[in-house]
Amino acid sequence: MTPIRTYLLLGMLGSANAWGAPAQVAPVQPPTQAAPVPGAPVPAAPDARLALPDLSALAQKASQSVNITLDPSMLAMASRFLDSDDPQDAAALEIIKGLRGIYVKSYTFDQDNAYRQSDIDAVTNQLSSPGWTRLVQTKSRKTRANVDIYIMLVDNRAIGMALIASEPRQFTIVNIVGSIDLNKLHKLEGRLGVPNLDIDSPAK
Amino acid sequence: MSDDLENQLRAALRPVEPSAGFAARVMARVEAEQRRQARRRWRIPASLAASILLGLGLYLRVHQQRETAAGLEARRQVIEALHLTDEKLDLAYQTVKEASGS
Chain A
23 MTPIRTYLLL
33 GMLGSANAWG
43 APAQVAPVQP
53 PTQAAPVPGA
63 PVPAAPDARL
73 ALPDLSALAQ
83 KASQSVNITL
93 DPSMLAMASR
103 FLDSDDPQDA
113 AALEIIKGLR
123 GIYVKSYTFD
133 QDNAYRQSDI
143 DAVTNQLSSP
153 GWTRLVQTKS
163 RKTRANVDIY
173 IMLVDNRAIG
183 MALIASEPRQ
193 FTIVNIVGSI
203 DLNKLHKLEG
213 RLGVPNLDID
223 SPAK
Chain B
32 MSDDLENQLR
42 AALRPVEPSA
52 GFAARVMARV
62 EAEQRRQARR
72 RWRIPASLAA
82 SILLGLGLYL
92 RVHQQRETAA
102 GLEARRQVIE
112 ALHLTDEKLD
122 LAYQTVKEAS
132 GS
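In order, the protein sequences belong to chains A and B.
Okay, so the first sequence: first residue is 23 according to this note's numbering, each after it adds one.
Okay, so the second sequence: first residue is 32 according to this note's numbering, each after it adds one.
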């Protein structure tokens with residue numbers, strides 16, 4: 023299964039599949055692509071890298087903060103130190119092969135609501151720009167956790183992913199630049215303690 | 032009195048034949064001295080070259096250690112980033128599961 027089909031499967035969570043009922047899941051909006059105008063200048067390829075806001079104020083309030091910036095050179099360096107004989111490393115190696123960057127900011131707090139909506143908006147505003155498509159939006163009443171997953175599509179090819187998870191005591195932004203194959207991420211599941219999402223088995 | 036002094040001086044300063052092998056010993060000593068000087072001439076450049084080599088070796092070792100540390104740190108960050116991504120994808124999955132269960 024191609025990555026894009028996996029994305030669409032993920033996006034079609036509203037329809038019958040292994041993920042279950044669609045009540046709290048936003049349907050995927052297919053990207054609209056305008057027909058090219060002859061003679062018009064070719065627009066530059068959109069960049070899936072987000073300008074992550076300066077959240078140093080949050081970092082000061084957080085009991086634990088993670089700030090990961092892996093540019094192409096860092097990814098290349100990391101790949102030299104990932105052991106292909108180790109299953110977890112091999113899966114990670116496979117995932118990062120087509121990537122040009124991984125950027126993560128995650129803050130954990132000792133009390134609820136330590137971050138503001140404007141912190142989230144600073145990121146989501148960028149995701150309303152052309153190219154980005156919201157794939158999944160989940161809101162849990164039980165855990166009060168909201169997760170939004172976006173992908174950037176160019177010519178029906180995913181060239182980036184953004185994930186914003188806002189929980190009462192944790193705020194996480196993940197921005198992956200490059201062609202990420204969720205099937206590969208799927209391989210990592212279970213190995214890293216995450217259960218199988220069963221996303222590529224529509225027949226079940 | 033002055034004759035005595037003169038005779039004594041003559042006796043003291045009379046030409047003496049060098050002992051056998053004197054010239055060879057002198058020449059050997061001259062050669063040894065020349066060799067010592069030659070060695071002394073190379074001592075500073077050799078010390079400099081040794082210092083440079085030692086410094087270069089140390090630099091390469093430190094550079095390699097730093098590169099290894101940076102590589103291991105990059106690896107740790109990749110694993111952590113993928114862990115976090117997985118964790119949040121799972122959070123979305125759990126929410127969907129929760130919705131389907133209710």
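Keep in mind the hints are simulated off the structure, nothing from the lab.
One or more of the hints may lead you astray.
Pairs of lysine-lysine, DSBU-like flavour, derived with a Cα cap of 35 Å [as the list claims (entries may be wrong)]: (1) A:Lys83 with B:Lys128; (2) A:Lys161 with B:Lys128; (3) A:Lys83 with A:Lys161; (4) A:Lys83 with A:Lys164; (5) A:Lys164 with B:Lys128; (6) B:Lys128 with A:Lys119.
Each hint tested on the structure:
1. A:Lys83 with B:Lys128: Cα-Cα ~32 Å, so holds.
2. A:Lys161 with B:Lys128: Roughly 12 Å separates the two Cα atoms, so the pair holds.
3. A:Lys83 with A:Lys161: holds, 25 Å
4. A:Lys83 with A:Lys164: Cα-Cα ~25 Å, so holds.
5. A:Lys164 with B:Lys128: holds, 12 Å
6. B:Lys128 with A:Lys119: This hinted pair holds, its Cα atoms lying about 31 Å apart.
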